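Undergrad: Given these sequences and hints, build the entire structure.
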Amino acid sequence: MKLKYIFLFSATLLVGTSCSDFLDKEPISDNVDGNFFTAENQLEPYCNNMYGLLPDHGTGTGTFGYFTTDNNSDDMTTVDQVDNFLPQRIQVPSTGSYDGFSNIRNCNLFLERTEENIKKGTLSLSDNVKHYIGEMYFFRAYAYFNLLKAYGDLPILTQVLNDGDYAANVEANKRKPRNEVARFILSDLDNASERMYSKSNSFTAHRLNRECALLFKSRVALYEATWEKYHAGTARVPGGPGWPGDAASFHTDMNKEIEFFLDEAIKSAKEVGLASSLSPDYASLYNQTDLSGQRNEVLLWRMYSEDAKVQNQVLGATHGYGSIDVTTGTGENAKTDTYIFVHGDNTGFTRSLVDSYLMKNGLPIYADGSLYQGDKSLESTMENRDPRLVSSVAKPGDKLITSNGKDIMYGYPGLIAASGIRVTSTGYIPRKGWVDNDVTYNSAYPLALPIFRAAEAYLNYIEAYYLRYNTLEDETLKNFWTELRTRAGVDTDYKKTIAATDLTKEIDLARYSGSELVDATLYNIRRERRSELIAEGMRKDDLYRWRALDKMQNYWVEGMNYWDEFHTGFEAACTACKLDYTAPNEASVSKYLRPQGKNELVNKYNGYCFEQANYLSPLSYDVFRMSTPEEGGDVSTSVVYQNPGWPVKAGSFANQ
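In case it helps, my numbering puts the sequence shown at residues 1290 to 1945.
These aren't lab readings, by the way, just hints derived from the structure by calculation.
In this text the structure is predicted, and so the values were computed from the model without any measurement.
Where is the CB? At the ideal position from N, CA and C, for every residue including glycine.
Watch out, some of these pointers could steer you wrong.
For lysine to aspartate or glutamate, the following DMTMM-like pairs were computed, each having C-alpha atoms within a straight-line distance of at most 20 Å [claimed, not checked]:
#1 K1665 x D1644
#2 K1887 x E1875
#3 K1794 x D1839
#4 K1665 x D1839
#5 K1665 x D1853
#6 K1518 x D1830
#7 K1684 x D1664
#8 K1598 x D1614
#9 K1840 x E1875
#10 K1598 x D1345
#11 K1665 x E1854
#12 K1840 x D1797
Using C-beta positions, here's what the derived DEER-type ranges look like [what the hints assert, rightly or not]:
#13 N1490 x P1533: 44 to 50 Å
#14 F1492 x S1669: 49 to 55 Å
#15 D1452 x T1691: 58 to 64 Å
#16 D1416 x D1657: 55 to 61 Å
#17 K1784 x Q1377: 41 to 47 Å
TA: Here's what the structure looks like:
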């Protein structure tokens, strides 16, 4: 297997995956036993297989790929509802909560066997072998973090369990407080960073590196620090009122824990940030086939290959359109007009996201002197705005593609399916990844995907430092924020932005943590993060850790301003093209499109109404069934406790 294709192929190594849902599942096939872990060239393909855990554009047709991941948040939306945002929609599953432990078992088996073989002398501890071991520590941390975000408290497993030892498996199922789990993840990332080569080493040209581990460490540490800070006083934090764990034996000072995790985030983010620099052009991070030239910022990227026939359809989706010719008149008076409706992949950015972006001069859209042109058209909405927004959202007048020697320009957002395209839910169509070439809709292309960027380290440092010390007076913080604004093309005077911010005029859910408004400085730190990480799959995690969904009550997701002016020209175009479009909401309800305006479930509650139980997912019934002290015993005797607000019974909804 060629090194450059490790992101493209799934190694055939792990072919024995079981459908079992318990911690003792055995997903490793027999061909990794015996003498398997005794040579460097055996470790590499095992590690390569784990790269499938990382973000991927996929291969679906007409899709914006990974850039639709934020459909689970308030940044993007499909026309369907998000069940997590509605009461009594999520059920306790019968199986599946601990499926992710199969990845952890893979890591544990690798780490156990390599350690044994090194001690026996049957595996030489070369620098490359050290690196592969470091990768496996990283992947165990990565898999554990996904479980931590979903479930909080977890079992901590470092050994491969014997499926024949029921008592040992029951003991292993016991959950540890989430802060201990987070500390364990950080320890794994320390082990990873100590062993892996730096990004400057040619060995890591297409592999994880030390800086990836440090960046991810800052992400985990910041997540846990802010979760413990903002969810304090609830059963979702160890030792809090109603916490279902062993409160009698829990004596940890959680304020000290918050400080510890903030310190870890600051330290690791700073190291990555100071060792990196930002690429000069934001848009070019997402529209290239080869990001090796942007190594100063892009610590790891997923490579696709035309030769290997492993590609994605993201670029073709940004070129997608439906074209309808309409001829009026006859003979010499005949006139043909071409109407272009742009492909939307059943998604779109929200008004909340778009309105949160600053103007180029660093002012919020509502501030005096902002130069905001209003949102009566898509063009005016984007005028004088943060270039990160402008390059990420399509608008009329943008070039789509050159076809048969003719430039095809954006005409109308595809709010209605025309000539085979999929609709946009909001009118704000993603354009991230667009590049000017002739790749057509539903055609494959090896568009690269950044996985870890140093810009995140800048953002993590700024947030963690401000939370820890309640000041912006730090040279590293100042430099990081200034560099982000400089690259973005936005006035670097972030203090001017803070002074001009009126939280009562912001519509961002992240104004809040719980029921409390945050201060203007912290809100603008959150705003900067939102602006930089548009469509990168980070928003849901941020909303959850900030506890920003408490205020999602009777909340309507909205898109573009449809009813002030836009509807007149759009409906005339639809009529000319014999397309029958009906907006999802009337102007009397809102002048902005509400994609779920006709959704019976959302209308039932007059908008989204978030249940706090959904901050953590319920454990599935099988976890309790397989954790009773006596095999086959009553689930009420299980050594495992359910997450706050959830019953144990499969098919049940959150407690009310």
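Undergrad: Hint by hint, note whether the structure agrees.
TA: Verification of the supplied hints:
For the given pair, K1665 sits about 13 Å from D1644 by alpha-carbon distance, which is consistent with the 20 Å threshold. Only pairs whose Cα atoms come within 20 Å are accepted, and K1887 paired with E1875 is accepted, the gap being roughly 10 Å. The straight-line distance between the Cα atoms of K1794 and D1839 is roughly 19 Å, inside the 20 Å bound, and the hint therefore holds. Between K1665 and D1839 the alpha-carbon distance is near 31 Å, which puts this suggested pair outside the 20 Å criterion.
With a CA separation close to 6 Å, the supplied pair K1665 and D1853 stays within the 20 Å bound. A threshold of 20 Å between alpha carbons decides the hint, and for K1518 with D1830 the separation of about 15 Å falls inside it, so the pair holds. Between the alpha carbons of K1684 and D1664 the distance comes to roughly 12 Å, so the proposed pair stays at or under 20 Å and holds. In summary, the hint linking K1598 to D1614 is not supported, as the alpha carbons are separated by about 35 Å, beyond the 20 Å threshold.
Restraint check for K1840 and E1875: the C-alpha separation of about 25 Å exceeds 20 Å, so the hint is violated. Between K1598 and D1345 the CA atoms are separated by roughly 15 Å; this keeps the pair inside 20 Å, and the hint holds. As the CA atoms of K1665 and E1854 are separated by approximately 6 Å, the hinted pair is consistent with the 20 Å bound. Distance restraint check for K1840 and D1797: the Cα-Cα separation of roughly 10 Å lies within the 20 Å cut-off, and the hinted pair is therefore satisfied.
At about 46 Å, the CB distance of N1490 to P1533 agrees with the hint of 44 to 50 Å. About 50 Å separates the C-beta atoms of F1492 and S1669, a value consistent with the hinted range of 49 to 55 Å. The hinted window of 58 to 64 Å between D1452 and T1691 holds, with their beta carbons roughly 59 Å apart. A C-beta distance of roughly 59 Å is found between D1416 and D1657, which places it inside the suggested range of 55 to 61 Å.
A hinted range of 41 to 47 Å for the beta carbons of K1784 and Q1377 is consistent with their spacing of about 45 Å.
Violated hints, in rising order: 4, 8, 9; the structure is consistent with all others.
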